[in-house]
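Whole structure, please, built from the sequences with the hints as guidance.
Protein chains in written order, with numbering that gives the first Met the number 0: chain L, 0 to 227; chain V, 0 to 227.
Simulated from the structure, these hints should not be mistaken for lab results. Think of the CB as a built atom: it goes at the ideal place given N, C-alpha and C, for glycine as much as any other residue. Treat the hints with care, since some could be wrong.
As the list claims (entries may be wrong) - Partial list, derived from the structure: chain L residues whose beta carbon lies under 7 Å from chain V: (1) ILE29; (2) THR58; (3) THR73; (4) ALA90; (5) ALA204; (6) PHE227.
Said to hold, decoys possible - Dumping the calculated DSSO-like pairs for lysine-lysine here, alpha-carbon to alpha-carbon at most 30 Å: (7) V:LYS143 x L:LYS125; (8) V:LYS193 x L:LYS143; (9) V:LYS157 x V:LYS125.
Protein chains: 2
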Amino acid sequence: MPKVYHFALDPFCRRLRLMLGEFGMEAELIEVRPWEAPPEFLRISPFGDVPVFMDDNGTVVSGIVAAGEYLEETRGTPERTLYGTTAAEKAETRMLLSWFEGRFFHEVTGPIYMEKALRRLLPREKGGGAPDTRRVRAAMERKKDHLTRLGQLADERKWLAGDFLSAADLAAAAQISVLDYLDALDWNGLESAKLWYQRMKSRPAFRPLLSDRVRGIAPPSLYTALDF
Amino acid sequence: MPKVYHFALDPFCRRLRLMLGEFGMEAELIEVRPWEAPPEFLRISPFGDVPVFMDDNGTVVSGIVAAGEYLEETRGTPERTLYGTTAAEKAETRMLLSWFEGRFFHEVTGPIYMEKALRRLLPREKGGGAPDTRRVRAAMERKKDHLTRLGQLADERKWLAGDFLSAADLAAAAQISVLDYLDALDWNGLESAKLWYQRMKSRPAFRPLLSDRVRGIAPPSLYTALDF
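Encoded structure:
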């Protein structure tokens, strides 16, 4: 059985786990705290990146960009693709991935995840300590514009990248689910994005994420609700 | 003829142009200063990302991850691939791309490009002004470890990703060429990385980059030298 090294609250690990779910794959999940840099983990992921996917044939792929493409390439079929079948569809999926896992992560999820979660988990010499609430507020502010754009896309199309559920939907939902866990969501005025997220959250692939808990950080009561 | 919107000193645009060169493709290059956010440019790249590749059939792909994959998909062949032919080769290429265009860019090229180039080009309200020399020094310091690792890979393998010249070689060379232009390289103690970069710099695809000039920022005299 393939192995996946992950950290439960990491948004990139969450996207990979959603892909496993959508492909109906079983994998052994091995939780790692990348900042602890366990030597056996650094041997397979020299920079300490998560997620890491270890295939049955011994192929080891670290980092979400390479691991996501690898899963699509080895488990996707024309009938069940998460990237698309034409070059234009794949380009659209990858542009949206860069949006959510690049810009959205750097402007919104990354700062909120750092300040509201990692500051409590990391040892002081690696950045642990009190959260920078100004940074959280700035990220919350930038969030609205992104979720408004997401809602517009969800209104115009069946799924974010077009007519099929793609890795872009999974990546966006994975990022948002981290905000959800950290009680950093407010759907006020974002009805279209909210409807799309309700659809995502109801998928069977989402269930394992909703039951994950990180010690010392409790999600809000609506975190597991499908009708929120 | 396809069109490419680019900025001459941007390391991601440079990687795309190297791909064009290696594929022997002609394209019309349109220089844009993304921070000026020209409305006609934002229509094709809503977040202002460069590079943008506009194909003859009208497909528009923005951002280096999607545009690089698109070129490989539409112009690559099993005989002339820049990502590899097996899933494992492609995974290796993409992991290296994430290293150079993710970590290396964020830790090294990004800060140096910002402080030594963009501060002089941007209007004050967008971050123009005096460079933060401490930030440059920290990036220069982090550079050594990356280039040592790169040199080790170049010693072990024919090219960075294995037996074939890949997009990872182009991405790494593109990032390093920006440091080169900004006089932020010192090959002292980095003989293996230097030999690899000499090989890269000698490729015909590199010539257009070496003749580019950005107004107000002159490269050092060795920038165009193939034997440096």
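Could you tell me which of the numbered hints above are not met by this structure, giving the numbers in increasing order? 1, 5, 6, 8, 9
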